[in-house]
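**Q** Whenever a hint applies, use it, and build me the whole structure from the sequences.
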Amino acid sequence: MNDKDRVVFRTATVEDRVDAIQAALDAKGLKASEAVEELRHKAQEEWIPKNGARIVARAWVDPQFRKRLLANGREGAIEMGFTMPKHHRHLVVLENTPKVQNVICCTLCSCTAFTLIGLPPDWYKDLQYRSRVVRESRTVLKEMGLELASDVEVRVWDTTADTRYMVLPERPARTQGWTEEQLAAIVTRDSLIGVARL
Amino acid sequence: MDGIHDLGGKQGYGPVRYTLDATAFHSPWEVRVNAMYAHAVRSGIFNMDEYRHAIERMDPRHYLTASYYERSLTSLATLLVEKGVITREELERRANGTFPLSSPSAPGRGNSMPRERFKPGERVRVKLDFVPGHIRLPGYIRGKIGTVVGESPAYPFPDAHAHGVPAEDEPTYDVRFHAEDLWPHGCDPALVHVGVFQSYLERAD
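Just so you know, the protein sequences line up as chains A and B, in that order. Using my numbering, the first residue of the first sequence is number 1, and each one after it goes up by one. Using my numbering, the first residue of the second sequence is number 1, and each one after it goes up by one.
Think of the hints as simulated: they come from the structure by calculation, not from any bench. Just to be clear, a hint being listed does not mean it is correct.
[Said to hold, decoys possible] If you want the footprint, here are the derived chain A segments under chain B, 3+ residues with CB under 8 Å:
| hint | region |
| --- | --- |
| 1 | 53-61 |
| 2 | 103-114 |
| 3 | 119-125 |
| 4 | 139-145 |
For glycine and all other residues, C-beta sits at the position ideal for the given N, C-alpha and C.
**A** Encoded structure:
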């Protein structure tokens with residue numbers, strides 16, 4: 001057989017595969033490129049952890065709001081002007097206390113309340129976190145820099161359905177008298193996931 | 001399906017690669033994939049359960065080596081081909097190479113009949129369901145007993161919704177398990193909560 005008759009199958013690079021889909025959808029009038037521009041903005045500018053941080057700060061300063069938020073997280077988020085996708089019909093806000101640390105994960109894929117805490121960080125989607133955090137929670141948290149006293153109860157929440165979860169971290173004692181804006185500035189994404197305390 | 005995606009409690013994956021201020025995206029193409037799959041869902045080309053199931057149907061060897069957004073890309077392409085929006089030939093011609101897609105789907109199923117309503121505090125057992133299609137039941141709670149701590153509004157039933165099978169929406173229950181009941185003598189003590197569809201549960205007492 002001549003070399004020129006050989007058929008060589010090469011897997012397309014991932015970038016070429018993405019380009020192929022985008023071009024094919026555009027060619028069929030399905031407006032992929034327009035959607036990319038619109039959703040790029042949403043994913044990077046609108047769906048950010050600052051949203052969750054503002055919800056937490058409000059809950060810290062307004063006991064009535066905190067009560068409503070814990071009773072119905074979705075309505076609490078909407079009350080503050082944030083949106084959740086239609087299929088996120090329920091948001092459960094998980095209250096940390098000195099003796100309780102909540103932590104969220106998704107072992108089956110990588111679901112999160114992304115409009116409130118941002119699209120999940122890389123490690124949240126990695127096989128390591130997904131496989132281990134339900135079974136070795138305390139060990140995993142310690143590896144990630146959160147060492148909990150032995151009398152703190154760890155509560156893991158696996159996002160297997162379309163209910164979404166967000167951790168309400170404890171307000172640090174040093175923040176007495178701070179404004180809501182100052183408080184929102186210290187709430188990190190990782191504290192909303194539950195792998196860090198403030 | 002008992003697929004490679006069902007990672008909860010699996011061992012051997014090593015330390016979490018944790019960095020402070022870790023980002024969601026690492027390359028511009030990842031942002032584009034994320035936008036295109038969301039656009040396809042929004043446009044009604046496929047739903048979230050079909051999307052998740054098409055990831056689960058990836059060849060396990062591909063799943064383990066692909067990044068998160070390559071899995072997303074593979075699901076998007078698979079569903080666009082299966083739905084007749086694009087042909088595989090067109091994709092491979094445009095991509096100038098082969099385009100790995102997920103394996104074909106097995107049949108789905110409807111809701112369990114009858115189903116029970118549960119109240120917070122009630123003890124439930126997770127049924128021993130083994131199905132070839134989509135299911136949102138992590139293997140680590142199969143057959144285990146836990147306590148209901150919350151109920152959600154009704155959602156589409158994933159085992160049906162991923163396969164175009166008609167079914168009623170049903171609630172999910174947040175069920176609390178003791179890690180020690182899930183992995184006796186092989187775990188850190190903790191309370192592990194899972195959102196479990198009503199069809200997967202039966203009364204334990």
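**Q** Taking a Cβ-to-Cβ distance below 8 Å as contact, does the region 139-145 of chain A have at least three residues touching chain B?
**A** holds (count 5)
**Q** Go check the region 103-114 of chain A versus chain B for me, would you? Three or more residues, Cβ under 8 Å, otherwise it fails.
**A** holds (count 4)
**Q** Within the region 53-61 of chain A, is the number of residues with a Cβ closer than 8 Å to a Cβ of chain B three or more?
**A** Violated, because only 0 residues of the region 53-61 of chain A bring their Cβ atoms closer than 8 Å to Cβ atoms of chain B.
**Q** If you count the residues of the region 119-125 of chain A with a beta-carbon closer than 8 Å to a beta-carbon of chain B, do you get 3 or more?
**A** Holds, because 6 residues of the region 119-125 of chain A bring their Cβ atoms closer than 8 Å to Cβ atoms of chain B.
Consistency note: the structure conflicts with earlier hint 1 alone.
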